[in-house]
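Asker: Sequence:
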Amino acid sequence: MLAGAYPFLAEEGLGASGILIGQDAWSGSAFCYDPWELYRQGTLTNPNIFLAGQIGRGKSTLAKSLAVRCIAFGRRVYVPGDPKGEWSEVTRAVGGQVVKLGVGTNTRLNPLDEGPRPSGQSDDSWKQKVASRRMGLLAALAESTLGRSLRATERTSLDVALESAQLHSPKPILPMVIDEMLEPKRPFAGSSIEQLRDDGREAAHALARLVRGDLAGLFDGQSTVDFDPNLPMLSLDLSAISGSDTIIGLIMTCASTWMEASLADPSGGQRLVVYDEAWRLLAQPSLLARMQAQWKLSRAWGLANLMVVHRLSDLESVGESGSEARGLAQGLLGDTATRILYNEPFDEAQAAAKVLGLSSVETAQLPELSRGEGLWRVNERAFVVRHICTSKELELFDTDSRMIAK
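Its first residue numbered 1, the sequence shown is counted upward by one per residue in the working numbering.
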(Lines of atoms letter the chains of each structure in order from A; the text may use other names.)
(Lines give C-alpha, C1' and ligand atoms only; values in the text may rest on other atoms or scores of the structure.)
Protein backbone atom coordinates (compact mmCIF):
# COMPACT_ATOMS: atom_id res chain seq x y z
CA MET A 1 0.00 0.00 0.00
CA LEU A 2 2.78 2.42 0.93
CA ALA A 3 4.63 1.88 -2.36
CA GLY A 4 1.47 2.59 -4.33
CA ALA A 5 0.56 5.77 -2.50
CA TYR A 6 4.06 7.17 -2.03
CA PRO A 7 6.28 5.50 -4.63
CA PHE A 8 9.24 7.84 -4.19
CA LEU A 9 9.43 7.36 -0.40
CA ALA A 10 9.13 3.60 -0.66
CA GLU A 11 11.86 3.05 -3.28
CA GLU A 12 15.39 1.93 -2.44
CA GLY A 13 17.10 2.82 -5.73
CA LEU A 14 18.57 0.66 -8.47
CA GLY A 15 21.81 -0.22 -6.73
CA ALA A 16 25.25 1.35 -6.66
CA SER A 17 26.67 -0.20 -9.83
CA GLY A 18 26.70 1.64 -13.12
CA ILE A 19 26.66 5.26 -14.23
CA LEU A 20 26.16 7.95 -11.60
CA ILE A 21 23.29 10.18 -12.71
CA GLY A 22 22.75 12.32 -9.64
CA GLN A 23 20.75 12.25 -6.44
CA ASP A 24 17.47 10.62 -5.53
CA ALA A 25 15.44 13.69 -4.59
CA TRP A 26 13.45 11.85 -1.92
CA SER A 27 16.01 9.61 -0.22
CA GLY A 28 19.05 11.82 -0.78
CA SER A 29 21.10 8.83 -1.88
CA ALA A 30 23.13 8.58 -5.08
CA PHE A 31 21.18 7.43 -8.12
CA CYS A 32 23.00 5.14 -10.55
CA TYR A 33 21.65 3.76 -13.81
CA ASP A 34 23.10 1.37 -16.36
CA PRO A 35 20.66 -0.06 -18.94
CA TRP A 36 22.95 -2.96 -19.93
CA GLU A 37 23.65 -4.01 -16.33
CA LEU A 38 20.00 -3.64 -15.31
CA TYR A 39 18.97 -5.72 -18.31
CA ARG A 40 21.52 -8.38 -17.37
CA GLN A 41 20.10 -8.45 -13.84
CA GLY A 42 16.55 -8.81 -15.14
CA THR A 43 15.48 -5.44 -13.70
CA LEU A 44 14.81 -4.12 -17.22
CA THR A 45 12.95 -6.00 -19.95
CA ASN A 46 14.88 -4.03 -22.58
CA PRO A 47 17.67 -1.40 -22.57
CA ASN A 48 15.80 1.35 -24.48
CA ILE A 49 15.18 4.82 -23.04
CA PHE A 50 12.52 7.48 -23.72
CA LEU A 51 13.30 11.06 -22.62
CA ALA A 52 10.76 13.89 -22.82
CA GLY A 53 10.51 17.40 -21.42
CA GLN A 54 9.97 21.05 -22.20
CA ILE A 55 12.77 23.06 -23.78
CA GLY A 56 15.08 24.56 -21.17
CA ARG A 57 14.43 21.99 -18.43
CA GLY A 58 17.67 20.05 -18.82
CA LYS A 59 16.73 16.97 -20.82
CA SER A 60 19.39 17.66 -23.46
CA THR A 61 22.01 18.01 -20.73
CA LEU A 62 20.94 14.66 -19.28
CA ALA A 63 21.14 12.95 -22.69
CA LYS A 64 24.67 14.24 -23.29
CA SER A 65 25.77 13.44 -19.76
CA LEU A 66 24.49 9.87 -20.01
CA ALA A 67 26.27 9.46 -23.35
CA VAL A 68 29.64 10.75 -22.16
CA ARG A 69 29.53 8.80 -18.91
CA CYS A 70 28.74 5.64 -20.88
CA ILE A 71 32.07 6.06 -22.66
CA ALA A 72 33.88 5.95 -19.31
CA PHE A 73 32.41 2.47 -18.86
CA GLY A 74 33.78 1.26 -22.18
CA ARG A 75 30.66 1.82 -24.26
CA ARG A 76 30.51 3.67 -27.58
CA VAL A 77 27.96 6.31 -28.54
CA TYR A 78 26.33 7.06 -31.89
CA VAL A 79 24.11 9.98 -32.89
CA PRO A 80 22.69 9.05 -36.32
CA GLY A 81 21.01 12.40 -36.92
CA ASP A 82 21.75 15.71 -35.16
CA PRO A 83 19.48 18.35 -36.80
CA LYS A 84 20.84 21.28 -34.75
CA GLY A 85 24.48 20.27 -34.48
CA GLU A 86 24.26 20.26 -30.67
CA TRP A 87 26.25 17.04 -30.33
CA SER A 88 29.24 18.10 -32.43
CA GLU A 89 31.15 19.85 -29.65
CA VAL A 90 30.51 16.95 -27.27
CA THR A 91 31.66 14.41 -29.86
CA ARG A 92 34.92 16.23 -30.49
CA ALA A 93 35.54 16.69 -26.76
CA VAL A 94 35.61 12.91 -26.19
CA GLY A 95 37.81 12.21 -29.21
CA GLY A 96 35.02 11.15 -31.53
CA GLN A 97 34.24 11.98 -35.14
CA VAL A 98 31.68 14.47 -36.46
CA VAL A 99 30.38 13.80 -39.97
CA LYS A 100 28.75 16.96 -41.27
CA LEU A 101 26.29 16.78 -44.14
CA GLY A 102 25.08 19.71 -46.18
CA VAL A 103 25.87 22.16 -48.93
CA GLY A 104 29.58 22.87 -49.15
CA THR A 105 30.69 19.98 -46.94
CA ASN A 106 31.64 17.59 -49.77
CA THR A 107 30.40 14.73 -47.58
CA ARG A 108 28.30 12.03 -49.16
CA LEU A 109 26.65 8.99 -47.56
CA ASN A 110 25.31 5.97 -49.40
CA PRO A 111 22.27 4.79 -47.39
CA LEU A 112 22.41 1.50 -49.35
CA ASP A 113 25.85 0.61 -47.96
CA GLU A 114 25.75 -2.98 -46.76
CA GLY A 115 27.86 -2.38 -43.65
CA PRO A 116 30.26 -4.88 -42.06
CA ARG A 117 29.31 -8.52 -42.34
CA PRO A 118 28.95 -10.30 -38.98
CA SER A 119 31.19 -13.33 -38.58
CA GLY A 120 29.61 -16.71 -39.17
CA GLN A 121 26.89 -15.49 -41.55
CA SER A 122 26.54 -17.42 -44.82
CA ASP A 123 26.66 -15.71 -48.22
CA ASP A 124 22.98 -16.32 -48.92
CA SER A 125 21.86 -15.21 -45.47
CA TRP A 126 23.92 -12.02 -45.70
CA LYS A 127 22.63 -11.16 -49.17
CA GLN A 128 19.03 -11.64 -48.04
CA LYS A 129 19.57 -9.50 -44.96
CA VAL A 130 21.17 -6.65 -46.92
CA ALA A 131 18.49 -6.75 -49.64
CA SER A 132 15.72 -6.74 -47.03
CA ARG A 133 17.24 -3.75 -45.23
CA ARG A 134 17.64 -1.83 -48.49
CA MET A 135 14.10 -2.59 -49.61
CA GLY A 136 12.70 -1.53 -46.25
CA LEU A 137 14.52 1.80 -46.48
CA LEU A 138 13.51 2.51 -50.09
CA ALA A 139 9.86 1.69 -49.41
CA ALA A 140 9.82 3.89 -46.29
CA LEU A 141 11.39 6.82 -48.16
CA ALA A 142 8.99 6.52 -51.09
CA GLU A 143 5.93 6.21 -48.86
CA SER A 144 6.92 9.20 -46.72
CA THR A 145 7.48 11.38 -49.78
CA LEU A 146 4.25 10.26 -51.43
CA GLY A 147 2.28 10.50 -48.20
CA ARG A 148 0.67 7.10 -48.70
CA SER A 149 1.43 3.39 -48.74
CA LEU A 150 2.96 1.89 -51.85
CA ARG A 151 0.62 -0.06 -54.07
CA ALA A 152 1.49 -3.70 -54.70
CA THR A 153 2.55 -2.94 -58.28
CA GLU A 154 4.78 -0.06 -57.11
CA ARG A 155 6.43 -2.30 -54.55
CA THR A 156 7.10 -4.89 -57.25
CA SER A 157 8.64 -2.25 -59.50
CA LEU A 158 10.85 -1.07 -56.65
CA ASP A 159 11.88 -4.62 -55.75
CA VAL A 160 12.80 -5.46 -59.35
CA ALA A 161 14.75 -2.20 -59.70
CA LEU A 162 16.72 -2.88 -56.52
CA GLU A 163 17.52 -6.42 -57.65
CA SER A 164 18.74 -5.11 -61.01
CA ALA A 165 20.88 -2.44 -59.36
CA GLN A 166 22.44 -5.06 -57.06
CA LEU A 167 23.24 -7.28 -60.04
CA HIS A 168 24.82 -4.33 -61.82
CA SER A 169 27.02 -3.24 -58.90
CA PRO A 170 28.19 -4.72 -55.58
CA LYS A 171 27.69 -1.22 -54.16
CA PRO A 172 24.39 0.11 -55.55
CA ILE A 173 23.40 3.73 -55.01
CA LEU A 174 20.03 5.48 -55.03
CA PRO A 175 20.33 6.90 -58.58
CA MET A 176 20.86 3.36 -59.92
CA VAL A 177 17.60 2.18 -58.35
CA ILE A 178 15.73 5.23 -59.62
CA ASP A 179 17.09 4.76 -63.15
CA GLU A 180 16.06 1.09 -63.10
CA MET A 181 12.53 2.11 -62.10
CA LEU A 182 12.25 4.73 -64.83
CA GLU A 183 13.90 2.53 -67.47
CA PRO A 184 13.56 -1.15 -66.47
CA LYS A 185 15.69 -3.55 -68.50
CA ARG A 186 13.69 -6.77 -68.17
CA PRO A 187 10.11 -7.94 -67.60
CA PHE A 188 9.10 -9.64 -64.36
CA ALA A 189 6.42 -12.23 -63.46
CA GLY A 190 4.05 -11.36 -66.25
CA SER A 191 4.68 -7.61 -66.10
CA SER A 192 6.18 -6.18 -69.25
CA ILE A 193 8.94 -3.59 -69.25
CA GLU A 194 6.34 -0.95 -70.09
CA GLN A 195 4.11 -2.02 -67.20
CA LEU A 196 6.99 -1.96 -64.73
CA ARG A 197 7.95 1.52 -65.92
CA ASP A 198 4.40 2.83 -65.60
CA ASP A 199 3.88 1.17 -62.23
CA GLY A 200 7.07 2.58 -60.74
CA ARG A 201 7.13 6.07 -62.24
CA GLU A 202 5.50 7.95 -59.34
CA ALA A 203 7.54 6.17 -56.67
CA ALA A 204 10.73 6.75 -58.68
CA HIS A 205 10.09 10.48 -58.82
CA ALA A 206 9.41 10.45 -55.08
CA LEU A 207 12.82 8.88 -54.44
CA ALA A 208 14.45 11.30 -56.87
CA ARG A 209 13.66 14.10 -54.40
CA LEU A 210 16.54 12.79 -52.29
CA VAL A 211 19.20 12.98 -55.00
CA ARG A 212 18.31 16.13 -56.94
CA GLY A 213 17.82 19.83 -56.35
CA ASP A 214 18.88 21.12 -52.94
CA LEU A 215 19.63 17.57 -51.73
CA ALA A 216 21.96 16.70 -54.61
CA GLY A 217 25.34 15.52 -53.41
CA LEU A 218 24.16 14.09 -50.09
CA PHE A 219 22.98 10.57 -50.93
CA ASP A 220 23.56 10.18 -54.68
CA GLY A 221 26.91 8.37 -54.73
CA GLN A 222 29.34 6.23 -52.78
CA SER A 223 30.12 7.23 -49.20
CA THR A 224 33.07 9.59 -48.81
CA VAL A 225 33.58 8.72 -45.13
CA ASP A 226 34.27 5.40 -43.44
CA PHE A 227 32.61 4.12 -40.30
CA ASP A 228 35.26 3.61 -37.61
CA PRO A 229 33.89 1.24 -34.93
CA ASN A 230 36.83 1.98 -32.62
CA LEU A 231 35.96 5.63 -32.00
CA PRO A 232 34.24 6.47 -28.70
CA MET A 233 31.56 8.59 -30.40
CA LEU A 234 30.30 9.34 -33.89
CA SER A 235 27.66 11.95 -34.73
CA LEU A 236 26.05 13.01 -37.99
CA ASP A 237 25.66 16.79 -37.99
CA LEU A 238 22.70 17.86 -40.16
CA SER A 239 22.61 21.51 -39.07
CA ALA A 240 23.71 22.76 -42.51
CA ILE A 241 20.56 21.30 -44.09
CA SER A 242 17.28 23.19 -44.14
CA GLY A 243 13.84 22.13 -45.24
CA SER A 244 10.42 21.06 -44.07
CA ASP A 245 9.96 18.65 -41.18
CA THR A 246 9.14 15.96 -43.74
CA ILE A 247 12.39 16.53 -45.65
CA ILE A 248 14.48 16.65 -42.47
CA GLY A 249 12.83 13.41 -41.37
CA LEU A 250 13.78 11.76 -44.67
CA ILE A 251 17.35 13.01 -44.40
CA MET A 252 17.60 11.75 -40.81
CA THR A 253 16.36 8.35 -42.00
CA CYS A 254 18.91 8.13 -44.83
CA ALA A 255 21.74 9.22 -42.55
CA SER A 256 20.75 6.92 -39.71
CA THR A 257 20.40 3.95 -42.08
CA TRP A 258 24.02 4.42 -43.16
CA MET A 259 25.11 4.30 -39.53
CA GLU A 260 22.71 1.52 -38.48
CA ALA A 261 24.10 -0.76 -41.18
CA SER A 262 27.43 -0.65 -39.36
CA LEU A 263 25.85 -1.20 -35.94
CA ALA A 264 24.03 -4.42 -36.86
CA ASP A 265 26.83 -6.58 -35.53
CA PRO A 266 26.35 -8.48 -32.25
CA SER A 267 30.13 -8.56 -31.76
CA GLY A 268 30.36 -4.76 -31.76
CA GLY A 269 30.00 -4.43 -27.99
CA GLN A 270 27.58 -2.35 -25.94
CA ARG A 271 26.58 0.86 -27.70
CA LEU A 272 24.22 3.76 -27.05
CA VAL A 273 22.34 5.14 -30.06
CA VAL A 274 20.81 8.60 -29.55
CA TYR A 275 17.84 9.68 -31.65
CA ASP A 276 17.60 13.41 -30.90
CA GLU A 277 14.65 15.46 -32.18
CA ALA A 278 12.93 12.11 -32.75
CA TRP A 279 9.51 13.73 -33.20
CA ARG A 280 10.50 14.41 -36.82
CA LEU A 281 10.55 10.64 -37.42
CA LEU A 282 7.47 9.89 -35.33
CA ALA A 283 5.32 12.14 -37.52
CA GLN A 284 5.76 9.85 -40.54
CA PRO A 285 4.28 6.33 -40.15
CA SER A 286 6.64 4.59 -42.58
CA LEU A 287 9.70 6.07 -40.88
CA LEU A 288 8.21 5.19 -37.50
CA ALA A 289 7.84 1.58 -38.63
CA ARG A 290 11.56 1.47 -39.46
CA MET A 291 12.37 2.91 -36.06
CA GLN A 292 10.28 0.32 -34.24
CA ALA A 293 12.01 -2.46 -36.18
CA GLN A 294 15.38 -1.10 -35.02
CA TRP A 295 14.10 -0.98 -31.43
CA LYS A 296 13.11 -4.65 -31.49
CA LEU A 297 16.55 -5.71 -32.71
CA SER A 298 18.47 -3.69 -30.13
CA ARG A 299 18.97 -6.48 -27.60
CA ALA A 300 20.41 -8.85 -30.20
CA TRP A 301 22.92 -6.19 -31.27
CA GLY A 302 23.95 -4.98 -27.81
CA LEU A 303 22.34 -1.57 -28.39
CA ALA A 304 20.51 0.75 -26.03
CA ASN A 305 18.42 3.31 -27.93
CA LEU A 306 17.72 6.75 -26.46
CA MET A 307 14.82 8.67 -28.00
CA VAL A 308 14.58 12.39 -27.13
CA VAL A 309 11.35 14.35 -27.72
CA HIS A 310 9.69 17.47 -26.30
CA ARG A 311 6.58 15.78 -24.94
CA LEU A 312 4.97 12.39 -24.54
CA SER A 313 2.04 13.54 -26.68
CA ASP A 314 4.42 13.44 -29.68
CA LEU A 315 3.72 9.70 -29.59
CA GLU A 316 0.01 10.03 -28.90
CA SER A 317 -0.50 12.46 -31.79
CA VAL A 318 0.72 9.93 -34.36
CA GLY A 319 -2.13 8.90 -36.66
CA GLU A 320 -5.75 8.46 -35.69
CA SER A 321 -6.86 6.56 -32.63
CA GLY A 322 -6.87 2.85 -33.47
CA SER A 323 -4.80 3.36 -36.64
CA GLU A 324 -1.75 1.31 -37.58
CA ALA A 325 0.45 4.38 -37.08
CA ARG A 326 -0.84 4.92 -33.54
CA GLY A 327 -0.27 1.25 -32.83
CA LEU A 328 3.34 1.56 -34.04
CA ALA A 329 3.94 4.53 -31.74
CA GLN A 330 2.45 2.71 -28.77
CA GLY A 331 4.50 -0.36 -29.64
CA LEU A 332 7.66 1.75 -29.70
CA LEU A 333 6.91 3.02 -26.20
CA GLY A 334 6.10 -0.54 -25.13
CA ASP A 335 9.59 -1.59 -26.25
CA THR A 336 11.10 1.12 -24.03
CA ALA A 337 11.44 0.05 -20.41
CA THR A 338 12.93 3.32 -19.09
CA ARG A 339 10.83 6.49 -19.42
CA ILE A 340 12.20 9.79 -18.14
CA LEU A 341 9.92 12.82 -17.94
CA TYR A 342 11.17 16.31 -17.18
CA ASN A 343 8.90 19.21 -16.22
CA GLU A 344 5.66 19.21 -18.18
CA PRO A 345 2.64 21.53 -17.85
CA PHE A 346 -0.54 20.26 -16.22
CA ASP A 347 -2.27 19.11 -19.42
CA GLU A 348 0.81 17.21 -20.59
CA ALA A 349 1.14 15.65 -17.14
CA GLN A 350 -2.43 14.37 -17.39
CA ALA A 351 -1.71 12.90 -20.83
CA ALA A 352 1.44 11.24 -19.52
CA ALA A 353 -0.52 9.75 -16.64
CA LYS A 354 -2.96 8.17 -19.06
CA VAL A 355 -0.29 6.73 -21.35
CA LEU A 356 2.15 5.53 -18.70
CA GLY A 357 -0.30 4.69 -15.94
CA LEU A 358 1.24 7.19 -13.51
CA SER A 359 -0.08 7.38 -9.98
CA SER A 360 -1.75 10.57 -8.75
CA VAL A 361 1.40 11.37 -6.75
CA GLU A 362 3.64 10.97 -9.81
CA THR A 363 1.27 13.01 -11.99
CA ALA A 364 1.16 15.86 -9.50
CA GLN A 365 4.96 15.85 -9.34
CA LEU A 366 5.54 16.51 -13.06
CA PRO A 367 4.59 20.23 -13.21
CA GLU A 368 6.53 20.83 -9.98
CA LEU A 369 9.87 19.43 -11.14
CA SER A 370 12.73 21.93 -10.99
CA ARG A 371 15.23 22.37 -13.79
CA GLY A 372 17.44 19.29 -13.95
CA GLU A 373 14.94 17.09 -12.10
CA GLY A 374 13.21 14.20 -13.81
CA LEU A 375 10.61 11.57 -13.03
CA TRP A 376 12.21 8.24 -13.89
CA ARG A 377 9.97 5.26 -14.56
CA VAL A 378 12.14 2.13 -14.68
CA ASN A 379 9.70 -0.62 -15.55
CA GLU A 380 7.09 -0.08 -12.81
CA ARG A 381 9.41 1.65 -10.34
CA ALA A 382 9.43 5.43 -9.93
CA PHE A 383 12.11 7.90 -8.85
CA VAL A 384 12.57 11.66 -8.85
CA VAL A 385 16.21 12.25 -9.75
CA ARG A 386 18.26 15.44 -9.55
CA HIS A 387 20.81 15.29 -12.33
CA ILE A 388 24.24 16.44 -11.16
CA CYS A 389 26.96 17.72 -13.50
CA THR A 390 30.41 19.16 -12.96
CA SER A 391 31.05 22.75 -14.04
CA LYS A 392 33.04 21.52 -17.06
CA GLU A 393 30.22 19.20 -18.06
CA LEU A 394 27.68 22.01 -17.80
CA GLU A 395 29.84 24.23 -19.99
CA LEU A 396 29.98 21.47 -22.61
CA PHE A 397 26.42 20.13 -22.39
CA ASP A 398 24.18 23.07 -21.49
CA THR A 399 22.86 24.48 -24.76
CA ASP A 400 20.64 26.98 -22.92
CA SER A 401 23.56 28.65 -21.14
CA ARG A 402 25.36 29.02 -24.47
CA MET A 403 22.26 30.60 -25.99
CA ILE A 404 22.00 33.28 -23.30
CA ALA A 405 25.73 33.86 -22.76
CA LYS A 406 26.82 37.45 -23.34
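FYI, nobody ran anything at the bench for these hints, they're computed from the structure. Just so it is clear, the structure is predicted and the values come from calculations on it, not from any experiment. Just to be clear, a hint being listed does not mean it is correct.
Listed next, the in silico PhoX-like pairs over lysine-lysine satisfying Cα-Cα at most 20 Å (straight line) [unchecked claim]:
1) 100 to 127
2) 129 to 392
3) 84 to 100
4) 171 to 185
5) 185 to 129
Asker: Now, for every hint given, state plainly whether the structure supports it.
Answerer: Taking the hints in turn, this is what the structure says about them:
no.	hint	result
1	100 to 127	violated, 30 Å
2	129 to 392	violated, 44 Å
3	84 to 100	holds, 11 Å
4	171 to 185	holds, 19 Å
5	185 to 129	violated, 25 Å
Of the numbered hints stated above, those contradicted by the structure are hints 1, 2, 5, listed in ascending order.
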